[in-house]
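If you follow the hints, you should be able to join the two separate chains into one complex; please do so.
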Amino acid sequence: MLHIRSVGRRFNTVEALRDASLTLQAGDFLALLGPSGCGKSTLLRLIAGLDQPDSGSLDWQDGHQPQRGEIGFVFQDATLLPWASAADNVYLPLRLAGRTRDEAAPQVHDALRRVGLDGFEAAHPRQLSGGMRMRVSIARALVTRPRLLLMDEPFAALDEFTRHRLQEDLLSLWRDLGCTIVFVTHSIYEAAFLARRIVLMTPRPGRIDHEIASPLRPGPEARQDPAYAALVGQVTREMARALAA
Amino acid sequence: MKFAPALFGIAALLAWEAVVRIAAVPEYLVPGPIAIVAAFLADPAGLLWSLGSTLLVTFAALLVAAVLGVALAVAIASSRLLAAAIQPWAIVLQVTPIVAIAPLVIVWVGDPFASLVVCATIVAFFPVFANTATGLASAPPELVDLFRLYGAGRFATLRLLRLPAAVPYFLTGLRISGGLALVGAVVAEFVAGSGGFGSGLAYRIMEAGYRLQVPRMFAALVLLSLAGIAINAGLSLLAEAVLRQRGGA
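Protein chains in written order, with the numbering used here: chain A, 1 to 245; chain B, 1 to 249.
Quick caveat, the hints were computed from the structure, so don't treat them as lab data.
As the structure is a prediction and not an experimental result, all values here were calculated from the model.
Do not take every clue at face value.
To be verified - Cβ pair distances, simulated, as ranges:
(1) A/H3 - B/R148: 42 to 48 Å
(2) B/G234 - A/G116: 42 to 48 Å
(3) A/G98 - B/F113: 45 to 51 Å
(4) A/G98 - B/P103: 50 to 56 Å
(5) A/L177 - B/M1: 55 to 61 Å
(6) A/N12 - B/I91: 27 to 33 Å
(7) A/N12 - B/G234: 45 to 51 Å
(8) A/G37 - B/A137: 42 to 48 Å
(9) B/R148 - A/N12: 19 to 25 Å
(10) A/D169 - B/I91: 49 to 55 Å
(11) B/A71 - A/P203: 44 to 50 Å
To be verified - Some chain B residues well away from chain A (every beta-carbon gap over 12 Å; in silico):
(12) P26
(13) L29
(14) P33
(15) V95
(16) P103
(17) L104
(18) L149
(19) A165
(20) L221
Just so it is clear, CB atoms sit at the ideal spot from N, CA and C, and this is done for glycine as well.
If we strip away everything but chain B, and leave its shape as in the complex, we get (with noise of 0.2 Å):
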């Protein structure tokens, strides 16, 4: 059972290069999965060091996502008049496509980097704070009545009541968050590279495109499901490893 999911992928892998060779379908269609491993190897430091750069903005826009997620968060979870001013703008922002206002933000930032991070960041923002809000919320109503029957203030309760009972549903909004900070980082690139910019691996793909290298196209697109697979798992590992840490099994 456990090697299931890479048996079938050697065996897809497999098919593909045989296909690809039996029907002698061109390069510049579909490449096999050779072709794009020698693409890769042809220019590993280039196309490493923009996967690089992407990485730098995902990761940027997740801390920032993060630390403005939890912060609204506990704006809204602490009054209900913020909770009512805030919350309809958060799924605004939600809704709202990113590609729509990528070129907005790229003009109104100025600074390519900067802009990137926002970009991702508008992406990234809401499963942190949507999870951590309900986290904050969740705290049994006995809990929170025990803290008002030893005076407890709203700070304490917060620091030794809401805050804990939210880690898990944080961990969750974030690693949902880590997936979505490395889309919103690739959409804002593709924007911001069409504008002339960018040394990230969405740009690599266009650049690919514009000259026909579709197995370099290939490579770079390997590349980014493998940083998001990645990005994923460590994630969830972060989540275990806190969850155990603190639940003492």
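One chain only, chain A, in its complex shape (with noise of 0.2 Å):
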């Protein structure tokens, strides 16, 4: 769906990105693994068109620009807004697409059903826990249905336990929506449990190493299969190669 051709990006003298170039399939689950500074967020934002390359060229499928709502970003903190409600929040990319709130409704008791926010439409995020912020913050994410969802190291401040729920529901929703998911981490852990293509990044300048296929079958029953400790294995020695080259 996307081909991303050499992109580079400076921030005044700091070269974020340098001659990236990746291809997005329709459907893909793919993480950007890296250590901080190596671009990833950088590329994220890119693919989101919250920024633009300084060379190089984003070039989507039959030259189709995604429009509002075909793109759902998740960041690491749930940014909800304050003083309003769980559905207030999920109903905000609707409502700025112009639909009203007894339009929008359905989708966004869908939405909050998806993610397991059954009956929690009035709450305000002040009462809600880590996780169940970042499970609106994804319902708010997938109200619209996009056809590409980004994810800005989504999970990296919840705890481990809450953190291994929210991958496997998120790999649920991923099989149940078809969509395409570009997901930013630093855990090594949790690109190989979740993604199907693994794209290794080294900083200074940021830069993409190369890419892993996943063999893994997704699913919570990875977590015990050899091949995942067999995956995270490969995906340590070759991050470390990578980054002492």
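Right, here's the structure in full:
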């Protein structure tokens, strides 16, 4: 659905991204993996159209620029409106698209149900746990039924048990909805568990090193699969080699 | 703990009365609390009416300051050019002593009530303006990005993100401005009163001063400080109620 052709991006003297090329297929679950400063968030913002590259290009298939609502974005923090209820937070993208609350209500309800927050419509962010806030944030990204879901270290601030539950739920959402996901993370375990394609990135300047295809069958049982441990080992070795180079 | 301020206040009043009586301090120098209360009770209607007049100026000025402050904060939040153009002048207004410009304002505006309100507004304007401007800029950059991602225009971002984010800041500014509006009203009354008109508490204080009715001066002062405390407490309660109501907590 998207060809990224040798894009570069510079912020003053810092070269955040150099010569990054990547092809995104519809239905992919792709992880951008690397340490801080490797340009993974920069790349994600370029894909979202929140930032423009200094060089290179992003070519959408058939010249189809994504319309509003076709891309969902989930940040590291839940970034909810603290004064609005869970339902109103999820309603926001549809509201900005000019839909009335009544029109949007079934979609809002459906999105909250998909992330397991049935019955929490009226709750305010401050009444919810960190994991539940992140679920609201994911529901907000899903409510427009995006073709492409971009996630920037969404589970990094959560405790491990909550993180595992959310990872498993994200996988089943991905299978149910059939959307494409680009997931930024600095956790090798997270990338190995979630992604079909793991893109290894290195810092200073940020660049794509190479890519590893996951042999795992995606699902909660993958955590006990010896192939998962093997994949973690492989990614760890290759990441160490890329960083040393 | 809760009653500590009240107990301390009562103890201080008792000590004050005792010192004044034991040392036989004349009333025209320092009146005791009982003499002050007696002075108030001698003419409660006159003093309260003056208090009402001062409060009318205070609230009118607070209202104008709030409306102007929010409007200008929105203006500078939506345009860098306006921000660069307005901000230095807001600071000039803030640092100019009101006593120095009050006579000019009174000459220019003419109408006594309006000129008092203008003076008090000048004093009260800055906190509500500066706080609201800070609040409008306080929306997290990720949320601003999210609004951009969903194609929100400047107006939608202002209405659904920046203004709601500014509400707590605005309320803090309003509380500070409330106290300042009272100060501004009194200062302006002092200046205007010496010009021959005025009916507010400041005028009563001056009048009592000329007649050496020192207990009455004190009574007017006490009313002023009680009014200041009430304004502060009222605006605090308003802020708490608004934030609790929308915080869902």
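Verification of the hints:
| no. | hint | result |
| --- | --- | --- |
| 1 | A/H3 - B/R148: 42 to 48 Å | 24 Å, violated |
| 2 | B/G234 - A/G116: 42 to 48 Å | 44 Å, holds |
| 3 | A/G98 - B/F113: 45 to 51 Å | 46 Å, holds |
| 4 | A/G98 - B/P103: 50 to 56 Å | 54 Å, holds |
| 5 | A/L177 - B/M1: 55 to 61 Å | 56 Å, holds |
| 6 | A/N12 - B/I91: 27 to 33 Å | 30 Å, holds |
| 7 | A/N12 - B/G234: 45 to 51 Å | 49 Å, holds |
| 8 | A/G37 - B/A137: 42 to 48 Å | 27 Å, violated |
| 9 | B/R148 - A/N12: 19 to 25 Å | 22 Å, holds |
| 10 | A/D169 - B/I91: 49 to 55 Å | 52 Å, holds |
| 11 | B/A71 - A/P203: 44 to 50 Å | 46 Å, holds |
| 12 | P26 | 59 Å, holds |
| 13 | L29 | 55 Å, holds |
| 14 | P33 | 46 Å, holds |
| 15 | V95 | 34 Å, holds |
| 16 | P103 | 45 Å, holds |
| 17 | L104 | 43 Å, holds |
| 18 | L149 | 6 Å, violated |
| 19 | A165 | 8 Å, violated |
| 20 | L221 | 41 Å, holds |
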